[in-house]
Amino acid sequence: MKEIIRVENLTKRYENVVALNNVSFTTHKKEIIGLVGDNGAGKSTLLNILVGLYTPDEGKIYLNGKETKFFSPADARKKGIEIVYQFENLIEGMTIHKNFFMGREVIKRGVLDNKLMRKKSEEALEKIGISKSSDQLIEELSGGQRQAVALGRAFHFGKNVLLLDEPTTGLSLKEVDKTLKRIKLIRNKAAMSIIFVTHNLRHILPIADRIIVLYHGEKVLDKRVEHTSVEELTKMITTRIKKEDHVDKTKFI
Amino acid sequence: MTKLNSFKKFLSISEVNRTIIIIILSFVIYILNPFFYTGANFKLLATWGSVYALMVLGQMLYLVTGGIDLSFGGVICISNVFVAMFVIWYGLPIWLAVLIVLIVGAAIGFSIALFSNAFSPPLKFLLPVFIYTIMLSFVLTGIARIITGAFPIYGFPDYYGFIGKGKLGPVPITFVYLIIITVIFVFIFYFRSLGWHFFATGLNDEVARKMGVNVKRTRLIAFTLGSLIQAFVGIIIGSYLSVGSVLIGPSYLLPVLAGAFIGGISLAGGEGSPYGAILGGFAVYLIENIIVVLAISAFWKEVATGLFLFLFVLFDFYQKRRRVFSIKA
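One line per chain: the protein sequences are A and B, in this order.
Residues 1444 to 1696, numbered by my numbering, are exactly what the first sequence covers, in order.
Residues 8 to 336, numbered by my numbering, are exactly what the second sequence covers, in order.
Hint data in this document are derived by calculation from the structure and do not stem from the laboratory.
A few of these clues could be false.
[Claimed, not checked] Restricting the straight-line Cα-Cα distance to at most 25 Å, the calculated cross-link-like pairs of lysine-lysine (DSS-like) are: (1) 223(B) / 1512(A); (2) 1563(A) / 1627(A); (3) 1627(A) / 1617(A); (4) 1521(A) / 1632(A); (5) 223(B) / 1521(A); (6) 327(B) / 1575(A); (7) 1627(A) / 1570(A); (8) 1522(A) / 223(B); (9) 1575(A) / 1562(A).
Values in this document were obtained by computation on a predicted structure and should not be read as measured data.
Could you build the full structure based on these sequences and the hints that come with them?
Here you go:
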């Protein structure tokens, strides 16, 4: 399977605290990776580096085999990296189509092409199974629908990597189920790799191909889902254990 | 449906309601004193209503992007004094004096955005804007007083008056400025990406930044244009009165802010329209006009403006509350 992103020895420090210590991993096309860990494990730091909000102190990032750096969120987006946060993905007071295309507006003959943007946003939402008028305001949507709009936008624009930062937190069971189905749909329809950050193993295990566990900034486990168990993962998330025993040597096929 | 939506984009229901209230009000005034609907009073309304509307449009650029401009009285003050100083004391051609003053006005707006961007984050954006524009308001008015010794500067050539008092046919020139600037506003706000970025920045700058909007640049543009308009207003008023005076400017602060809120431009940011700004500007001048037309003591002007503002904002709050409850239901 084609390699999409490879990080090598990524390290990030905040004054005396090492938030990320020598982390390396590779993601592949159409692969869903569950990135799990307790609070302060380094998940958010890793996401923020990949999305261009933080610069790593050490280490390299390769995108489609070429070394790259993400200088800003706009730069990361240009390079095909999309992110869906737990909250605050969308701007209330604006319509779906404006939220969809904000920062990437379509201009035709010097003016905004609202007609095309409306059509494209509705089409993208339909592809992941949600039918909404693009003129609807964000505050009129439920939590799950908002998450769907953010996913639809990432699906429409994402080329390489989709980062999901706790996208199921705060949703009802029904909405969690729908969101997970949409993530699987995106995996099947797009050529991206998906990194799904979560605390909740029940949400990630049914859809992930691989699980990476971070503990105090270090990668302590990297295994295919079928080679691990809830018990092992729980232990790795909560206790420091020698990491060599928990890194899967199996190649992703 | 799409046509209706694009119409609603320009004219929200709340703006229609505001317009109706103002029309009813002016009709009541007409019944009380028929002079209200005479050509002479209309000319006055068009001239000064446009000046107030221009000030509210300038303020709107600050408010929509999440700021507030408390310095514009100072900008208007220093602008009219500078033009008088350059033209009457130093003999500069009018066009050059006007150009220099417009550049100074734009530079003041630029500096406000630069300062506020530097401290936000971590501070909430409104805080540095508030402090810096209060400072500027004092400093600019103070500089104008130091320059003039608080005496008015007279002696403009007659043709300078055209900038403020001129006419195109029967139409006052200030109304023509308003039309041109409104067309530019509508184009930027509704047909260009920048308009989207203005609203997004004011509504939620953090999410807008994540979406790839250059929030700092957006505010630099908005504030620079906002203060440029205020400098232009300073020139217009100075020209209309044919004087450079420190008394022109500071007194507009509260009425223009009231005009912005009457026009539906939110202090919370991200809300407002050029039409609302014009409506607010005209409404504030209308109150002043009514006081004159009905020969009521000028002391009642503040009371009337305050109550008018309260009425409109109350109406707005009520509508918003109803909308939020209907969404939750």
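Now the hints, each set against the structure:
Distance check on the hinted pair: residue 223(B) and residue 1512(A) sit about 22 Å apart at the alpha-carbon level, within 25 Å; holds. Restraint check for residue 1563(A) and residue 1627(A): satisfied, since their Cα atoms lie roughly 21 Å apart, inside the 25 Å limit. Distance hint between residue 1627(A) and residue 1617(A) is fulfilled; the C-alpha atoms sit about 16 Å from each other, no more than 25 Å. As the CA atoms of residue 1521(A) and residue 1632(A) are separated by approximately 20 Å, the hinted pair is consistent with the 25 Å bound.
The straight-line distance between the Cα atoms of residue 223(B) and residue 1521(A) is roughly 20 Å, inside the 25 Å bound, and the hint therefore holds. Restraint check for residue 327(B) and residue 1575(A): the C-alpha separation of about 23 Å stays at or below 25 Å, so the hint holds. Restraint check for residue 1627(A) and residue 1570(A): the C-alpha separation of about 12 Å stays at or below 25 Å, so the hint holds. For the hint pairing residue 1522(A) with residue 223(B), the CA-to-CA distance comes to about 22 Å; that is within 25 Å, so the pair holds.
In summary, the hint linking residue 1575(A) to residue 1562(A) is supported, as the alpha carbons are separated by about 11 Å, within the 25 Å threshold.
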